[in-house]
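Protein chains in written order, with the numbering used here: chain A, 480 to 808; chain B, 480 to 808.
Hints listed in this document are in silico derivations from the structure and should not be mistaken for laboratory results. Do not rely on the hints blindly, as some may be mistaken.
Here are some, though not all, of the chain A residues that point toward chain B, as calculated from beta-carbon distances under 8 Å [stated by the list, open to error]:
#, residue
1, Leu566
2, Ala631
3, Ala638
4, Leu715
5, Pro755
Even for Gly, the Cβ is constructed at its ideal location relative to N, Cα and C.
2 protein chains.
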Amino acid sequence: MQRACITGGAGFIGSNLADRLRSDGVEVVIVDDLSTGRLDFVRELLTDPGATLHQGDVLDQRVLERAFEGCDWVFHLQANADVRHGLEHPRVDLEQNTIATATVLEAMRAVGVSKIAFSSTGSVYGEPDIFPTPEDAPFPIQTSLYAASKLAGEGMIGAYTHGFGFTGLVFRFVSILGERYTHGHVFDFYCALKRDPTRLRVLGNGRQEKSYLYVKDCVEAMMTAAHAHEDRAGELGVYNLGTDETVVVDDSIAIICEQMGVEPVLEHTGGTRGWPGDSPLILLDCERIRSIGWAPTVSIREAILRTLRWFDANPGIWNASAASEARVA
Amino acid sequence: MQRACITGGAGFIGSNLADRLRSDGVEVVIVDDLSTGRLDFVRELLTDPGATLHQGDVLDQRVLERAFEGCDWVFHLQANADVRHGLEHPRVDLEQNTIATATVLEAMRAVGVSKIAFSSTGSVYGEPDIFPTPEDAPFPIQTSLYAASKLAGEGMIGAYTHGFGFTGLVFRFVSILGERYTHGHVFDFYCALKRDPTRLRVLGNGRQEKSYLYVKDCVEAMMTAAHAHEDRAGELGVYNLGTDETVVVDDSIAIICEQMGVEPVLEHTGGTRGWPGDSPLILLDCERIRSIGWAPTVSIREAILRTLRWFDANPGIWNASAASEARVA
Chain A
480 MQRACITGGA GFIGSNLADR LRSDGVEVVI VDDLSTGRLD FVRELLTDPG ATLHQGDVLD
540 QRVLERAFEG CDWVFHLQAN ADVRHGLEHP RVDLEQNTIA TATVLEAMRA VGVSKIAFSS
600 TGSVYGEPDI FPTPEDAPFP IQTSLYAASK LAGEGMIGAY THGFGFTGLV FRFVSILGER
660 YTHGHVFDFY CALKRDPTRL RVLGNGRQEK SYLYVKDCVE AMMTAAHAHE DRAGELGVYN
720 LGTDETVVVD DSIAIICEQM GVEPVLEHTG GTRGWPGDSP LILLDCERIR SIGWAPTVSI
780 REAILRTLRW FDANPGIWNA SAASEARVA
Chain B
480 MQRACITGGA GFIGSNLADR LRSDGVEVVI VDDLSTGRLD FVRELLTDPG ATLHQGDVLD
540 QRVLERAFEG CDWVFHLQAN ADVRHGLEHP RVDLEQNTIA TATVLEAMRA VGVSKIAFSS
600 TGSVYGEPDI FPTPEDAPFP IQTSLYAASK LAGEGMIGAY THGFGFTGLV FRFVSILGER
660 YTHGHVFDFY CALKRDPTRL RVLGNGRQEK SYLYVKDCVE AMMTAAHAHE DRAGELGVYN
720 LGTDETVVVD DSIAIICEQM GVEPVLEHTG GTRGWPGDSP LILLDCERIR SIGWAPTVSI
780 REAILRTLRW FDANPGIWNA SAASEARVA
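Using the sequences and the hints given, assemble the complete structure.
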């Protein structure tokens, strides 16, 4: 790999991947509209002439074509990642995820780039019967517009591998934690507790079981798979990315409270799901990615602790949110 | 069911369904832009005050809202059905299938209609390992943009059942034959042989094994499922629709030639697939739809013969195509 483009490359996972690729000597081209991605996350990287930023919209095919020119791989990580509010704005997942992915694929074809790695989600399994859930689980029924839009992206990438000889990689993530993590459960709990350490509203009954993966382990898994698939044109590799652990929401709250030194009263809203489309249990079978030489290095507890330490060191990240109205998960 | 809307209701399957619903006393509202659908197919039906046509585009949400007003069910059958040329125009499947389905769902929500039946395809199974292929086959990899766009539609409907309490039905069809069939293998072969009965170009090696279902059996299956799901809000019913038979392409050609009284030389282009994304074998496990009281009444051979008889009786349908340049499958 000589040169790679990362859509959403100024975001949480994207900027970690950008650092990792650059440290391998890969030229990095970032496409980001900086709506969720932050210039801060890539400011240092961009002082290196081997890294460039194209600020623009992934729905603008010309922006993408300019950025993809000469790249071996496109890591398409840009997405609407607001999983919980899909029902309030059904058009957002369609545009930012489904149509954006279609635009990325057409831009690649236009400039002759044919290797794509895509950030999908473990949510595409809906509410599976099999745990840990393998990649070839029974054909699932979708329970969220976010997952449906990721599934749509997977499907198009599959068709491009089959029809145009693309090399495709689909990563079905659990939730990712670590440095530069800026939204999701742990972020919301931290902000809420900074605002009011005496009480914490928790969506659902607190018993939802989640799996988390540390961002640098996640990035390492993507690198491992990309190298393994360098010469597998016409094929779609689908990989679950997660750990073998889960943690229930209330236990992750306990870790957060312990670290922050607070003892809030937990106010559960009740129900087995935090919101419609929330999965009561996510646990992925990651044997396939392990079989090509990857393993996570960090436990869920440690991933949470590293995330909290990063919040502590970067108060600018959460100050605004902590001050604003409840974004409590 | 008092009143139902059919998108694509002037098309092949849609107009057959419209007739069937009307004969049950259901008020029928047809939405069709008449680009592939034909006014001829619904002209007689529209003399009945219980049937109306809204000529318009399914991408125009206002057209849909006006048509859906007061309906119990929406049968969303409109689609780009040009399965074979998806790679030449990737945007068509995205717009006509994926975005159109999103627009249908939003229009339904806007006017408070919550029961949707959707024409998907057996192609969403990609190239499965299990035959006959059941609805809960292992999570497949898509091999065509057409199937990918149908899968995207399935996913969004699943999310609407889960998130908005919609009642959802997904029908994964094999190829459908019968009266008003106007594109696909049998149509293309018939037109080509009318043009030149001495030779016939066949894409692939002619050994691709296809399953076909007679259109009136298909429509009956949709009615059976809709009645079975009247009170199953919040649920997505997924049903394969097909027969237990298959026929290889060369054998369906033999039936066509026998009926037409011609003996062409077959010129196979070779390969196990007719085109990229073509399935070498489609055979669906239809136990689920049979278990709720449906069974096909017509064999594949009989379905082909009825189709040919309909062509013979409606030369206007194929005359233009037969005269024009090769649309030979």
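Taking the hints in turn, this is what the structure says about them:
1. The beta carbon of A:Leu566 comes within 4 Å of a beta carbon in chain B, closer than 8 Å, and the hint placing it at the interface holds.
2. Residue-level restraint check for A:Ala631 holds (minimum Cβ-Cβ distance to chain B is 3 Å; threshold 8 Å).
3. Interface restraint check: A:Ala638 against chain B, minimum CB-CB distance 4 Å, threshold 8 Å, status holds.
4. Using the Cβ-Cβ criterion of 8 Å, the hint placing A:Leu715 at the interface with chain B is satisfied: the shortest such distance is roughly 5 Å.
5. The beta carbon of A:Pro755 comes within 5 Å of a beta carbon in chain B, closer than 8 Å, and the hint placing it at the interface holds.
Against the hints set out earlier in the document, no violation occurs for any number.
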